[in-house]
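**Q** Okay, here's what each chain looks like letter by letter:
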Amino acid sequence: MTALLLAQFTESARFVEAARRAKRADYRLVDAFTPFPVEAVDELLERRRSRIRIAMFVGGIVMAALAYGIEYYSAVINYPYNSGGRPLDAWPAFMLVPFATGILAAAIAGFTTFLIECGLPRLHHALFAVEGFERASQDQFILALERPAQDEELQQALDFFRNAGAVALREVET
Amino acid sequence: MSIAVIRTEPMPSEAERWTLPHARSLAAVNQLVAAPLYERGLWSWKTWWLAAAASGALTVGFLVAVYVVLTRGVGVWGVNTSSVWGFAIADYVWWIGIGNAGTLISSMLLLMRQKWRASTNRFAEAMTLFAATIAGIFPIIHLGRPMYFYWLTPYPNTMTIWPQWRSALIWDFWAILSYILFSIIFWYVGLIPDLATMRDRARSKFAATAYGALALGWRGSARHWQAYETLHLALACLGVPLVVSLHSVVGMDFAASLMPGWQETIFPPYFVVGAMYSGFAMVVCLAALVRWGFRQEGLITVAHFDVMAKIMLMASIVMGLSYATEWFNAWYGGDRADRSLLIFEFTGGYAPMYWALLFCNVLAPQAFWLRAVRRSVVGVFVIAVAINIGMWLERILIVWNTLSHDYMPSMWRLFLPTVWDWLTTIGSLGLFVLMFLVFVRLVPAISMHEVRKLVDEEASS
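Here the protein sequences line up with chains A and B, keeping their order. Under the working numbering, think of the first position of the first sequence as 1, with each following residue one higher. Under the working numbering, think of the first position of the second sequence as 1001, with each following residue one higher.
So here's chain B without its partners, still in its complex pose:
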């Protein structure tokens, strides 16, 4: 009989896991985060300029595409009499999904007391702002008469008409508008103490003045912090229901119709989970880039990727279950149009994309069951990119499948994207990257005061 020797290692405290030893002091945290802004000589910035040039060119392409759409009309896109919605709505849903995730992640993790959020929430919230702003462009340019988009607001007008409050498109307008403004407030409030740090570390009068003005004179007094914590927590509590309602409304844009494949009660929650899923995937990509670009290995650790991979794994299972529920209901409901649409999804003109979607969203993330994959930054990054592509495919197929395979077989028509479709889509990605590049150059990309608190708790435990 042999006696098994059980080796016990002391569990690291929670805080220890989220930073590396060289980043574990208040001064080190400030130094690491502020260096990209104040010690630019430490980096060559060559990659930054290359990325800025490429994304700048795509942004110009985006502006050209928007100009062409606005001047020549939506006919330049591949939309036709059946597929009246195309890339614009899919892009909108994709971007707003990513745009939801920053606030959702940040406020939900705050309410759940997940301390590791400290080093990811700042750029997750920035991502939200940029993505939601881009998302807001698409519904406007997809209108046949975009110059009248302000008719969505209730204002005294000579036509003496009012918006149709029962319409999901009106809900969309108010939800997005409220959400973007709310996100700006949430992000800025969290930024104020860090702007004060930047002000106090400034090496030039210009930086001191600029950051000082934006910091509003923050002194870090006990009174300030008390008010800050009260406000930040209250905003987080409001942020979660706002985000859930916003993406539910996006789901209802489809579900409130009478079309096969859209008229499903599962849509609102399914869209919310999808938003969180694609948003987490985008946060992982940005985290990997910030970590690599600014050598932030001390603050964004492998443990962060591990835990985010677990959340994506969970979300992928929920997504898989949602797809299966759609298939089951189409079969079990017995409706001819629903069943026909289901067969079309797997075998029709868009079938390869549907299979790719299932691979990217459901199958590929199963690799996260393996600890080695979760703890490999490259592995997590590659799968996160796949998820982003998969989620985009999902959005475009929600639009395409139903519209191309409606009740009337005589109306069945595929959507063939044109160069303007591709340019608005890829161009918007360029605009997003450009905004993010400017952000990391001007604003501390990691929340210093929250990491300082984390580091201090670890030191005193």
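Bound-form chain A, shown alone:
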């Protein structure tokens, strides 16, 4: 269980500015919930790099190799036949199937890694019960930070975000 403080904004500019100031004031930013990707805030949050592209590369290469392997096995080893002296391993003609299936496998690997990195599918989440959270997928911006432990600090934080233009401040446990 983590205690979070959610600060909700109606304008992206204010939201970005508040996130920047909060970072400078050493608040521990945990996450942000926005109706579209906001790169400026992304940079303020510490997170490791996505592995999606690596997974896609590996998935694509493995599938392409497998496809070529099947072609090679079937045309050269299992059922070779000589048609006018043409080479059995006709690699230029064999390229398309590994290429197309490799791209498909890369897409599937990427999508799977995307779901794993996002922790999806997860239909129930404590945040969905928070009033006003549904606006984060529509037209409002929510900054989530670690709730300060001391009441005094919490009060300061509430004042800080109110001054920064937050329209709603909520404490939640997730």
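Worth flagging that the hints you see were computed from the coordinates, not collected in a lab. Everything numeric in this text was worked out from a predicted model, so none of it was measured. Check before you lean on any hint, since a few could be wrong.
Just the calculated beta-carbon pair ranges, DEER-fashion [to be verified]: (1) Ser83(A) - Leu1370(B): 54 to 62 Å; (2) Leu158(A) - Ala1208(B): 27 to 35 Å; (3) Ala90(A) - Arg1203(B): 58 to 66 Å; (4) Ile1184(B) - Gly165(A): 37 to 45 Å; (5) Ala129(A) - Tyr1155(B): 48 to 56 Å; (6) Ala129(A) - Ile1317(B): 54 to 62 Å; (7) Leu1370(B) - Val167(A): 46 to 54 Å; (8) Val1060(B) - Ala90(A): 43 to 51 Å; (9) Leu1442(B) - Glu173(A): 35 to 43 Å.
Yeah, the Cβ is synthetic: ideal placement off N, Cα and C, and Gly gets one too.
With chain A fixed as given, assemble chain B onto it according to the hints.
**A** Frame of chain A, contents of chain B only:
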């Protein structure tokens, strides 16, 4: 001496051009896109039902035609000993061309940072899915023994035989299969954030549950968006070469043969451009219909039609150049069969169709040089319909001309379509329209999160 007064107007920012003022807020974008799904009372839906009834009837006709072809064989079509391919292959090439364009347009414009794609990519990608699915039906029903189509796959079988990997038809199978599945992933990934918006705006428990399940629990967190953007961009990068290879393979179905008019090195790129061309024309038609039907003038603006018309104009010039290259090579190559085929194209039994093709694909789009035409939605729509017809004529004539005018004069025979030919063709159009009508009723037809980003950038600039 007079001094010319030069009036300077501030250039509108890029984002401003792609939306009208009444749509320029996040709330307005959500409202405009979600209204057809959640505030159905705002529309009478009469036109929708009429269109659904008409396309439903055509779909039934299509199913009947497919049933007849599957049970009685391809002989019910107008195919004969010379023209062994007919409407089925032309329809296949036409649909797969349209099917290529959605992903091509969407991913290419994404990579080129063309922000106006935001309001067109969703239905362009949906168009791709439906068209590619329909395209996949035709190669199967054109087979003499369609029940054995699965022989195209390498599976352990009692005959101990394998597919012929050197055959363009095998390439076709894998390319289409990979492409359809890839398109579904690409489309669905882009849809997830919008499904979450629909979930959060739902007014009934059923809608909340259905959209919620499809949104997979998307919360729009910074982590989600980072992963989303990485994946979406990577998919776009892979989508472009996949599409180009797919339609090149369709071109090679013809070019890998030894027939006059088919055995041309120009075919793969010429087919890819043709696909983009007909696809753009279809996107324009759908954009005009979505705009008109759901009053989306605020999000699909005249500027969108202007820019798409410019792309079609460019493509029409490339197409014209491709046709001219074919003519030149036939003459310059000096081959008797090629020259004879060229004369047949302009003067033979299909000549009126060939002239109509040239008019629709090359001449009519030249009207787009005029700004007034590009900025008239009706004008762009009419020319786009003409291009679609022209591109279909091109596909059917690629098949017909060569097969009807082969090396052997004794084999020269025209193709006369039967009612089953027409029913499979027009019926497939009905199926496409029906799928699109269902789509606009169930899924946000415009990508909300991408338009939101566009609108926000405009507000902060």
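**Q** Hints first: check each against the structure and report whether it holds.
**A** Status of the hints after comparison with the structure:
Checked against the given bound of 54 to 62 Å, the beta carbons of Ser83(A) and Leu1370(B), roughly 56 Å apart, stay inside it. Our hint of 27 to 35 Å for Leu158(A) and Ala1208(B) holds, since their Cβ atoms are close to 32 Å apart. Checked against the hint of 58 to 66 Å, the pair Ala90(A) and Arg1203(B) passes, with Cβ atoms roughly 60 Å apart. About 42 Å separates the C-beta atoms of Ile1184(B) and Gly165(A), a value consistent with the hinted range of 37 to 45 Å.
Between Ala129(A) and Tyr1155(B) the C-beta distance comes to about 50 Å, which sits within the given range of 48 to 56 Å. One distance hint, 54 to 62 Å for the beta-carbon pair Ala129(A) and Ile1317(B), holds here, with the actual separation near 58 Å. The hinted range of 46 to 54 Å is satisfied by Leu1370(B) and Val167(A), whose Cβ atoms lie roughly 50 Å apart. Against the hinted window of 43 to 51 Å, the Cβ-Cβ separation of Val1060(B) and Ala90(A) comes to about 45 Å, which satisfies the hint.
Taking the beta carbon of each, Leu1442(B) and Glu173(A) are about 36 Å apart, inside 35 to 43 Å as hinted.
Hint check: no violations occur; every hint is consistent with the structure.
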